[in-house]
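Colleague: Sequence:
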Amino acid sequence: MGDFPCGALAPRVWLTAPVSNAPREPEAKVPFPRVFWVAIGLEVIERMAFYGVYINLSVYLGQTVGLSDKEIGGLLGVFALTRSWVPVVTGALSDKLGFRRSLVLSFALYALAYLALFGVASFREQGALVRVLAWGAVLSIAVAGAFLKPVIPGTVRRYAPPERRTQGFSIFYASVNAGSVVGKVLTKIVRVLLTLRASIVNSVIASLVGLGIALAAYFEPSAEPLPSSGEKSNENGDLERRDAGFAASLAEVFTEPRLIGFLVVVSGYYLLIEQFYQTFPVYIVRMFGEKAPREEISLINPFSIALLQVVVARFTKKLRPLPAMAFGIFVGAVSMALMGLVPTLWGACGSFFVFAIAEMIYSPRYYEYVSSFAPKGREGLYMGLALVPSGLGGLVGGVLSGRLIAAYLPKGGGVLRPGTVWGTYAAIGVVCALLLWGFAALFPPKVEATEATEEKP
Numbered sequence: 001m002g003d004f005p006c007g008a009l010a011p012r013v014w015l016t017a018p019v020s021n022a023p024r025e026p027e028a029k030v031p032f033p034r035v036f037w038v039a040i041g042l043e044v045i046e047r048m049a050f051y052g053v054y055i056n057l058s059v060y061l062g063q064t065v066g067l068s069d070k071e072i073g074g075l076l077g078v079f080a081l082t083r084s085w086v087p088v089v090t091g092a093l094s095d096k097l098g099f100r101r102s103l104v105l106s107f108a109l110y111a112l113a114y115l116a117l118f119g120v121a122s123f124r125e126q127g128a129l130v131r132v133l134a135w136g137a138v139l140s141i142a143v144a145g146a147f148l149k150p151v152i153p154g155t156v157r158r159y160a161p162p163e164r165r166t167q168g169f170s171i172f173y174a175s176v177n178a179g180s181v182v183g184k185v186l187t188k189i190v191r192v193l194l195t196l197r198a199s200i201v202n203s204v205i206a207s208l209v210g211l212g213i214a215l216a217a218y219f220e221p222s223a224e225p226l227p228s229s230g231e232k233s234n235e236n237g238d239l240e241r242r243d244a245g246f247a248a249s250l251a252e253v254f255t256e257p258r259l260i261g262f263l264v265v266v267s268g269y270y271l272l273i274e275q276f277y278q279t280f281p282v283y284i285v286r287m288f289g290e291k292a293p294r295e296e297i298s299l300i301n302p303f304s305i306a307l308l309q310v311v312v313a314r315f316t317k318k319l320r321p322l323p324a325m326a327f328g329i330f331v332g333a334v335s336m337a338l339m340g341l342v343p344t345l346w347g348a349c350g351s352f353f354v355f356a357i358a359e360m361i362y363s364p365r366y367y368e369y370v371s372s373f374a375p376k377g378r379e380g381l382y383m384g385l386a387l388v389p390s391g392l393g394g395l396v397g398g399v400l401s402g403r404l405i406a407a408y409l410p411k412g413g414g415v416l417r418p419g420t421v422w423g424t425y426a427a428i429g430v431v432c433a434l435l436l437w438g439f440a441a442l443f444p445p446k447v448e449a450t451e452a453t454e455e456k457p
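In the numbering used here, the protein residues as written are 1 to 457.
Incorrect hints may have been included.
[To be verified] Only pairs whose alpha carbons sit at most 35 Å apart, straight line, appear in this in silico DSBU-like list of lysine-lysine:
no.	residue 1	residue 2
1	Lys70	Lys411
2	Lys291	Lys70
3	Lys70	Lys188
It is worth saying that the hints were derived from the structure and are not from the lab.
Build the full structure now, drawing on both the sequences and the hints.
Modeller: Below, the structure written as structure tokens:
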């Protein structure tokens, strides 16, 4: 009701000072600084280049480079592990180098790595040499990304106005999806008009554009925000704190068997999600041919998330973190089963849509739960451990996918049994979901107890 009671006072104010009762002009929002928008643009460019290659990487390594299915699976598994775990280490290096230098280094490495990947095909008949070059090129892509990965969210966190930080991260996550969509569309156009190998040039050009923008436009404001309490203000001290924090987090994880068990169980979810890049491209080519719209089908996922994330969040917001994650993994298993039970293009479309729902259920609760293990004031240390399952799941998934593809989706017109491939992934998802439900019953997390207390009147 405000500070004034109802009655005579209100009309008196209206008569003597009508302007004062008019609606106040809303306060102008503090704008995002220029460096924020430059960082967002660089994220779009980087994701465009990355997903433009990744959506067809397994097919390219097999058809154009000449690796076997098992070799591809092993390489993509290590690729996933490197992408997930190396950024934990390079985060400290980014602080030492500075964000701008890290971006320049990242895009320069990206351009060289994509160019190397393009050139690997020229050594197809060189036996061991082509394998060494393929591993070097693919893992160089992962290392290049490791220098950029901490920088963009770090820029958002450091330079977005505090009252708009949540909006800033929403824009950041939207830029990831936008880059993915644009990259896959451009890849499809070049692949159809020219060749699959030629589509890699898109990523080389995009990386060079990103390098130019980083050099010409990414400049951090001279007035740095003050460090938060408890942090050392000098650069060397900050690096020492980060290094010590990372070492401490690795040591502490072994004193938390409950956390270790959780991280191992949810690795199954990341094994499932990687199959849309490790298995799906090969599956769709061998089942339906080169002209099958694999890039278009893969776009169903980001579009579904963009359209439905608010609705799904509304329906699942009352679920506790562990049951929500278990349900999300189970839905992911249904997605895998659908791909195998309905081995058609429509079945593939449905699988991508269902997995988008799984992501929307699982992802928001994951970091919430991991943070529940951290002692107060040490949440940041435990967030680095959140990368462990994606690396572990990607590694195991890559090795497994290579063997399943070789056995049940063979080259050269053998009998194709996609149901066995996708059914195996579905079974892994179901087992992980059941284990997580059991885990929830045995080990109720701290965050749930807190929420339950807060909900009581």
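Colleague: For a C-alpha distance cap of 35 Å, please report whether lysine 70 and lysine 188 respect it.
Modeller: Holds, at roughly 26 Å.
Colleague: Does the structure keep lysine 70 and lysine 411 at a Cα separation of 35 Å or less?
Modeller: Roughly 12 Å between the alpha carbons, so the hint for lysine 70 and lysine 411 holds.
Colleague: Need the status of pair lysine 291, lysine 70: alpha-carbon distance at most 35 Å?
Modeller: With Cα atoms ~24 Å apart, lysine 291 and lysine 70 stay inside 35 Å; holds.
Violated hints for the displayed structure: none, as all numbered hints are satisfied.
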